[in-house]
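In terms of this note's numbering, the sequence shown opens at residue 8 and continues consecutively.
Take every hint as true, because none was put in to throw you off.
Restraint ranges, calculated between C-beta atoms of paired labels, are given here:
no.	residue 1	residue 2	range
1	256	189	25 to 31 Å
2	407	353	19 to 25 Å
3	486	442	56 to 62 Å
If you're looking for bench data, these hints aren't it; they were derived computationally from the structure. Predicted model, so just to flag it, every value in this text is computed and none were measured. No residue lacks a Cβ here, since even glycine has one placed at the ideal position from N, Cα and C.
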Amino acid sequence: MGLFSYIDGKYHYLRRYNQIMRILIKYGFEDLVSYMEEKKRFRFLKKLIPKSMYEHAMHLTKWEKMRLVCEELGPTFVKFGQIMSNRPDLLPEDLIKELEKLQDSVPPIDGNLAVQVVEQELKKKTDELFASFETSAFASASMAQVHKAVLKTGEKVVLKIQRPGIQEVISSDIKVMLYVAEIFSKRIPSLKSFDPIGLVKNFDDSITKELDFIHESINVQRFHNNFKEDETDKGHIHSPKVFREFTTSKVLTLEFIDGIKISDNQKLLSKGLDRKVVARRLAHSYFRQVFNYGFFHADPHPGNLLVLPDNVICYLDYGMMGNIMKKDLEQLGYLFISVNSKDVRKIIRSLQGLSDNPIIRNFRDLEFDINEFVQNYSIQDTIHSNEMSTILLELKDIIIKHGLKVPTHFFLLARSMVTVEGVIRSLDPELNLTKMVRPFLVRTIARHYDPIQFGKRILNSVYEMGMYMEDFPRDLKNAIRKINTGEIKVDLRHKGIDPLVHTINRVTRQIISAIILSGILIGSSLLLVNKVSPLWRETSALGIIGLIIGGIVLMGMMKDLRKGDHDEWSGWED
Numbered sequence: 008m009g010l011f012s013y014i015d016g017k018y019h020y021l022r023r024y025n026q027i028m029r030i031l032i033k034y035g036f037e038d039l040v041s042y043m044e045e046k047k048r049f050r051f052l053k054k055l056i057p058k059s060m061y062e063h064a065m066h067l068t069k070w071e072k073m074r075l076v077c078e079e080l081g082p083t084f085v086k087f088g089q090i091m092s093n094r095p096d097l098l099p100e101d102l103i104k105e106l107e108k109l110q111d112s113v114p115p116i117d118g119n120l121a122v123q124v125v126e127q128e129l130k131k132k133t134d135e136l137f138a139s140f141e142t143s144a145f146a147s148a149s150m151a152q153v154h155k156a157v158l159k160t161g162e163k164v165v166l167k168i169q170r171p172g173i174q175e176v177i178s179s180d181i182k183v184m185l186y187v188a189e190i191f192s193k194r195i196p197s198l199k200s201f202d203p204i205g206l207v208k209n210f211d212d213s214i215t216k217e218l219d220f221i222h223e224s225i226n227v228q229r230f231h232n233n234f235k236e237d238e239t240d241k242g243h244i245h246s247p248k249v250f251r252e253f254t255t256s257k258v259l260t261l262e263f264i265d266g267i268k269i270s271d272n273q274k275l276l277s278k279g280l281d282r283k284v285v286a287r288r289l290a291h292s293y294f295r296q297v298f299n300y301g302f303f304h305a306d307p308h309p310g311n312l313l314v315l316p317d318n319v320i321c322y323l324d325y326g327m328m329g330n331i332m333k334k335d336l337e338q339l340g341y342l343f344i345s346v347n348s349k350d351v352r353k354i355i356r357s358l359q360g361l362s363d364n365p366i367i368r369n370f371r372d373l374e375f376d377i378n379e380f381v382q383n384y385s386i387q388d389t390i391h392s393n394e395m396s397t398i399l400l401e402l403k404d405i406i407i408k409h410g411l412k413v414p415t416h417f418f419l420l421a422r423s424m425v426t427v428e429g430v431i432r433s434l435d436p437e438l439n440l441t442k443m444v445r446p447f448l449v450r451t452i453a454r455h456y457d458p459i460q461f462g463k464r465i466l467n468s469v470y471e472m473g474m475y476m477e478d479f480p481r482d483l484k485n486a487i488r489k490i491n492t493g494e495i496k497v498d499l500r501h502k503g504i505d506p507l508v509h510t511i512n513r514v515t516r517q518i519i520s521a522i523i524l525s526g527i528l529i530g531s532s533l534l535l536v537n538k539v540s541p542l543w544r545e546t547s548a549l550g551i552i553g554l555i556i557g558g559i560v561l562m563g564m565m566k567d568l569r570k571g572d573h574d575e576w577s578g579w580e581d
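Start from the sequences, fold in the hints, and give me the full structure.
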């Protein structure tokens, strides 16, 4: 049984790999396929694709073609594109805009299949679990769909049900993606800085969490607890109740929220709701998420925001949430205040504090770019006074230009801030967000200088120093013992000479192969001419065998000559 499963898995893997190549060729990415295929089978695959498909893709831009490739390859690649749209530090702006258009809406699965998933996960029949269950989907996406139901208690709920087999599909796709990423890393040295393998592995972690609805239910509960424990909240923010007894890794049961979409201005007015109050509460709740809790809704578009009676706001869809550490929050606070005070040096220090790579190669160029940004910002202050996202987006280009590697949540925050500011502007264009956020920034920085927290940091530093001094004599003694016993080894590598040594070894191997081939051919020829026995059809059998061996050696040599240095030695990447 295991053998058949292995063969079946390999078959699906190869079929998917060839499908990816066909779609890439269809949209004109033969250069990428040539890196994937040593045997150049893509020329044969190209003949199988109708010419009309090429003509359809000819008028599209390169970035549009990439978006269409993701859409045609299915949910895994659509999700990968959506996640990569949050990485402007890696991808061109035009490609980011195209990836943002990716939609993962697909026709819903049959209602009976959804019922089967629910019954398998909750270990009971739907009739025993619910007073009623709607088999027709309320909403549908590539990985899950939503159904309405009523509990035996009379409470209205919605069930987010995972599509059957989606985990296996995504797992298989990720294996192919990893293989392709390894090939590109090996054969296209210019992609090394993008770390394709690391990107796929990060995507694997992200999609695995998204497929686990327990993780999303924890996000909902954490979001709810943050506002519940906040004394400044007066019930203005609502989150759906999680029904844990009806929730598993594949089924998420939440309270059904009957509200008005936040962008539906006509309905808001007809129900007597105040758009300005809603805008203020939305802004206030978002700033609290970012600067007070360090845990924020990363996709606050109008479809995920409902308005309830009394101008209460309800957030939906907690699959994509952002996390910010305290130290990054402090640096973010410093950054915004430094921009407002137009202090170039402090802006640079804040960016260094946020960066994983604080070393600046050309400080003068960075200082010039920041100064230019500050001057432009001061002139445009009246235009962009309400747009904090403008600061992040303009600084993003400077960060990328100078190689300051900031955490990914920086870009996630910038994108979510653009989205939420757009919603707020549509509700109340006159609301001054800069004025609203200032108290949050001040409190964020003040926490760093809180006497109690400052004292704790000093005590921790003293404790760590004491532990270090206690361990230092023992570590020094161990180091001396290893030196005396010869256990310490020094690995010296000369990066300039390694490629030369590799090339010499390769050339030497080819020369030796050529000498052996010459000997085989000369010896075989002599055996054939002199008809040395044993004979086969009056021809020396040994001579024929020698020629066959020579042919095999020759094919190996030709393959070795066609192969580039990058194909067989990872040292080129260093």
